[in-house]
Amino acid sequence: MTRLRRPSAQTVAVVHALADQPSAWRYGYELCRQLDLGPGSLYPILVRLADRGLVETAWETDNSAGRLPRHRYRLTGSGQALATEYATAALTRSEPR
Amino acid sequence: MTGSMSWTRHRYEIAAAVPVVAVFAALYLWMVPTDGPEWTAAAFGLAVLFAIPTFLWLVTSLLLVDRWWNSAGARLSTMDVPGQMLTATVATLPEPRQRWGEAMLGELTQVQGRWPRWRFALSCTRATLSLWLPTGRPVLAIAAGVVVAAATAAHTVVGAAVPGLGFFATCFVALVGAMVVLGIARAGRVRVTVAALLVTIAVVASVVATATFLLQHPTAADGLQSASAAILAASLACCLWLAVAPPRRLDTTSRVAPNVGLAAAAIFVLGGLAISRADVEGLSAYWLLFGPVLTFMVAASIAAAVGRSFRIGLQAGIWTVITVMPLSWSVGLATMLHQYGIDGRWTFAGDTSSAGFNLGFAFMTFLAVPIIGFPFAVFGALTGAAIRGTRRNGVHTGATPPDTPPGSGDR
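Protein sequences appear in the order of chains A and B. My numbering puts the last residue of the first sequence at 97; the count rises by one with no breaks. My numbering puts the last residue of the second sequence at 411; the count rises by one with no breaks.
With the rest of the complex left out, here is chain B (with noise of 0.2 Å):
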């Protein structure tokens, strides 16, 4: 039994860590140099720079799934394949419908037999479905049309009124409208709070610094090509995303995590503000590489400490990346503008350089702050919840809902 658990252990590890390598070889593969002068030195120059967030991510993971393992995996191992798939089901359904969901778990363990159990399961999976899409079929359908529609417009008018923005204003457009079409689909409620508000507000800007900035210097779009856009426009939506409409796992009522997490981000994008301004030589780029260190790790530890719960420490990591890329991002993009209208001309590290290579190096910062921070913020709220000692996951201090299933607090 232990060594049939170890074993669907290190699977789970194992499908934790191929998705980290996958996506930093894919991310190598599509930024390594084929041809140049000294092509070869560059490759291997850039191998190296990517093997220490690969050997980052891969750490994270692994202690992701063991805290995810000692939490639930381990009751998910003792469960059959049918069980263990109607779980993962369940899990997805929206908070109203939860409680239908562990009832059909309930009964499938009074099912008895191989392919009797399957049908069960398969049977509930289909029930599931139902249970996903609450509001009527046509709402969806017309939600869905509006979204496709306003995604090609925005093609057409943004891209003719700002060139070079429109493929960022379809995607951004049309994620936004899929995540409006899966908050009605699942009659999720929208969350307002003050630090929902806030990532908004910095979402906004960074849409409104983008077109500023490309509508003052066209050329810019060299060096926010296609995929860079998609990619800007993906974060900036997941972005919005977890803030007002966070998945129920990453949902807190705990204040601490989103002050915590909004103010290391203030604290990271106005501390690089203030370095660029000190003009002291190299000051920004160890910044750049230690800022995300400092701030995500000692704010998650905060939490945790503060909370007394790796969760809360987590949920604070997430709230410093979401806040610290649309915050960077806008701050970036309107120095770069205030910068060129002092200077006059493009500069790069004192030498004389292009709106587009600028543009893209606000791009690769914009990803690397989060890519190098988040394992960070792992580590700190690991440190802090080992500091103050966890609470029992998910113990309820308050009263248990009238229709909650009995214990449902401790899975």
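Chain A extracted, bound-state conformation (with noise of 0.2 Å):
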């Protein structure tokens, strides 16, 4: 697994966003409501989690309707592995020294 460095709060943000439900297929759309993300943010965060290998794709296979099929996106096991790593470190962070 190819770790990210410094990753940006954004990025962290879309990571526990996937980590919530680790086995639904998740959309860009409903991603961007979710984490009030405009697309032009959090496409290239997919697209670098994708090519690191922390985020597994695939496309919408129900095609009704013949509108554009859509893209769907969740956590890799190293994916998942990061998100913990990310609520670790924030844990550590937040508790009173």
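Think of the hints as simulated: they come from the structure by calculation, not from any bench. Cβ atoms here follow ideal geometry from the backbone N, Cα and C, with glycine treated the same way. It is possible that part of the hints are untrue.
[Stated by the list, open to error] Pulled a few chain A residues facing chain B out of the computed Cβ check, cut under 8 Å:
{"#": "1", "residue": "A24"}
{"#": "2", "residue": "W25"}
{"#": "3", "residue": "H71"}
{"#": "4", "residue": "Y86"}
[Said to hold, decoys possible] Computed Cβ-Cβ distance ranges for the label pairs, DEER-style:
{"#": "5", "chain 1": "B", "residue 1": "M364", "chain 2": "A", "residue 2": "D62", "range": "51 to 61 Å"}
{"#": "6", "chain 1": "A", "residue 1": "D51", "chain 2": "B", "residue 2": "R126", "range": "43 to 53 Å"}
{"#": "7", "chain 1": "B", "residue 1": "L76", "chain 2": "A", "residue 2": "D62", "range": "22 to 32 Å"}
{"#": "8", "chain 1": "A", "residue 1": "R33", "chain 2": "B", "residue 2": "L367", "range": "29 to 39 Å"}
{"#": "9", "chain 1": "B", "residue 1": "L29", "chain 2": "A", "residue 2": "D51", "range": "44 to 54 Å"}
{"#": "10", "chain 1": "A", "residue 1": "R67", "chain 2": "B", "residue 2": "W7", "range": "36 to 46 Å"}
{"#": "11", "chain 1": "A", "residue 1": "R33", "chain 2": "B", "residue 2": "W68", "range": "50 to 60 Å"}
{"#": "12", "chain 1": "A", "residue 1": "R67", "chain 2": "B", "residue 2": "V81", "range": "11 to 21 Å"}
{"#": "13", "chain 1": "B", "residue 1": "L76", "chain 2": "A", "residue 2": "A89", "range": "45 to 55 Å"}
{"#": "14", "chain 1": "A", "residue 1": "T92", "chain 2": "B", "residue 2": "T200", "range": "53 to 63 Å"}
[Claimed, not checked] Beyond 10 Å from chain B on every Cβ pair, some chain A residues (computed):
{"#": "15", "residue": "Q10"}
{"#": "16", "residue": "H16"}
{"#": "17", "residue": "Q21"}
{"#": "18", "residue": "T57"}
{"#": "19", "residue": "P69"}
{"#": "20", "residue": "T84"}
{"#": "21", "residue": "R93"}
Can you join these two chains into the complex? Each is in its own frame, and there are hints to help.
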């Protein structure tokens, strides 16, 4: 697994959003609305995560009514491990010293 | 709905026709004589001469719009402006990133409301910029810097070695360099095929022939002024780019198009050579006029008929253009030098001439052949495809790649 160097807050948010339901496929527009993130920010993050093997992608199989197929995303095993790592790091930072 | 689609189609036709007329009008204004004896008659004669290729290219552009409309244009016309904008942007993405563009298009269908759709499409367009530049920006900046330095050095070094070639060298190095930078940015693949190699050799031969000509006859630089040198450099660089790193729509896995295109170019150039050796009065001029018509049209129709596809016929036409330009230029210059070596003087159609005049005429021929020939390649491709019946556009015969959007082959 290739780790992301110094992930941005937006990247961490995307990883957490995907980790909420690890087995469920998520859509780009749905993630945009959930995170209040524009596709101009979301897609480059998804591309980087997918390039590093942290996110797996698939095309929607049910392509009814002749509309364009939708791309779906979910974390891979490595991606889930990274989400846990981010969560642990966040907890460590938030703990009172 | 039909009325609005028809109007949309007319807008595309107008958008295709206007640049054609503008380019030929600009060329006419550049070349038209404005003084001298009987300049009005000369201007009128030139206008009549320009009317023929303008008409041919107008018809060609309308035919191409018609083909495009029947395959993809009609679908595009049913979209709103944000959808059209994003579709056009996605089409420019390099192949490995195409699926991400398709993903954005798929999501746009879920966005409701005019302004949310505009916001989503504009934001996606911003995202495509980062997909366009997968390679690190420092690498691109370094590559761009090297190109600028090489182009500047080319002007000084080549200009000193071969007076009259400095501007051509700058343009050629800058354009080829820009293509390399673009290739790095898009992580494009360089296609190493026999056909691409042959075109590359022809381009190199053209550069060598130009340098040799100007080195042996420095006064010939009069026939290759700045504008002509820039056009020559741009044409040769484009030939090289289309041969080794063609855009996705022109790329083909079929060997028919490049093979037929190369054969047609060789027939045209060798035919012209044989005719000039035969020394029959006026025959060379006829070949210059009707040779492209014959070779381009026959080649494209054969390729389209064999491949059962208009697109393969069109690709054969493009291969003919990118081969015939450097090949005819290099062979033409070599032949002129050879003839000068025999005669000891420059001649043109039996009369005494000059090195600059002959080089200028060779340049006009270099431009005229594809200008006359390419429209006939389009006509030939349409004929060939109609004779054999076309396959449905983009039908996949092999296995679909695992991460390809379903049905994307139809688009």
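Comparing the hints with the structure gives:
Below 8 Å, beta-carbon pairs count as interface contacts, and A24(A) has none with chain B, the closest being about 17 Å; its hint is therefore violated. Residue-level restraint check for W25(A) is violated (minimum Cβ-Cβ distance to chain B is 13 Å; threshold 8 Å). The beta carbon of H71(A) is positioned within 8 Å of a beta carbon in chain B (closest approach about 3 Å), and the interface hint is therefore held. Hint status for Y86(A) relative to chain B: violated, with the closest Cβ pair at about 22 Å, above 8 Å.
In this structure, M364(B) and D62(A) meet the distance hint of 51 to 61 Å, their C-beta atoms being roughly 60 Å apart. Under the hint 43 to 53 Å, the C-beta atoms of D51(A) and R126(B), about 19 Å apart, miss the expected range. L76(B) and D62(A) have their C-beta atoms about 25 Å apart, which keeps the hinted 22 to 32 Å range intact. Between R33(A) and L367(B) the beta carbons are some 55 Å apart, a value that contradicts the proposed interval 29 to 39 Å.
Range check, L29(B) to D51(A): Cβ separation about 51 Å, and the 44 to 54 Å hint holds. About 25 Å separates the C-beta atoms of R67(A) and W7(B), a value inconsistent with the hinted range of 36 to 46 Å. Look at R33(A) against W68(B): about 35 Å separates their beta carbons, and that is not inside 50 to 60 Å. About 19 Å separates the C-beta atoms of R67(A) and V81(B), a value consistent with the hinted range of 11 to 21 Å.
One distance hint, 45 to 55 Å for the beta-carbon pair L76(B) and A89(A), holds here, with the actual separation near 47 Å. The hinted range of 53 to 63 Å is satisfied by T92(A) and T200(B), whose Cβ atoms lie roughly 58 Å apart. Interface exclusion of Q10(A) from chain B stands, the closest Cβ pair being 13 Å apart, more than 10 Å. The Cβ of H16(A) sits about 20 Å from the closest Cβ of chain B, beyond the 10 Å cut-off, so the non-interface label holds.
The beta carbon of Q21(A) is kept farther than 10 Å from every beta carbon of chain B, the shortest such distance being approximately 19 Å. Look at T57(A): its CB is around 6 Å from the nearest CB on chain B, not clear of 10 Å, so calling it non-interface is violated. The beta carbon of P69(A) is not kept farther than 10 Å from every beta carbon of chain B, the shortest such distance being approximately 5 Å. Annotated as non-interface, T84(A) keeps its C-beta farther than 10 Å from every C-beta of chain B; the closest such distance is 27 Å.
Even its closest Cβ contact with chain B, about 29 Å, leaves R93(A) beyond 10 Å, as expected for a residue assigned away from the interface.
Consistency note: the structure conflicts with the earlier hints numbered 1, 2, 4, 6, 8, 10, 11, 18, 19.
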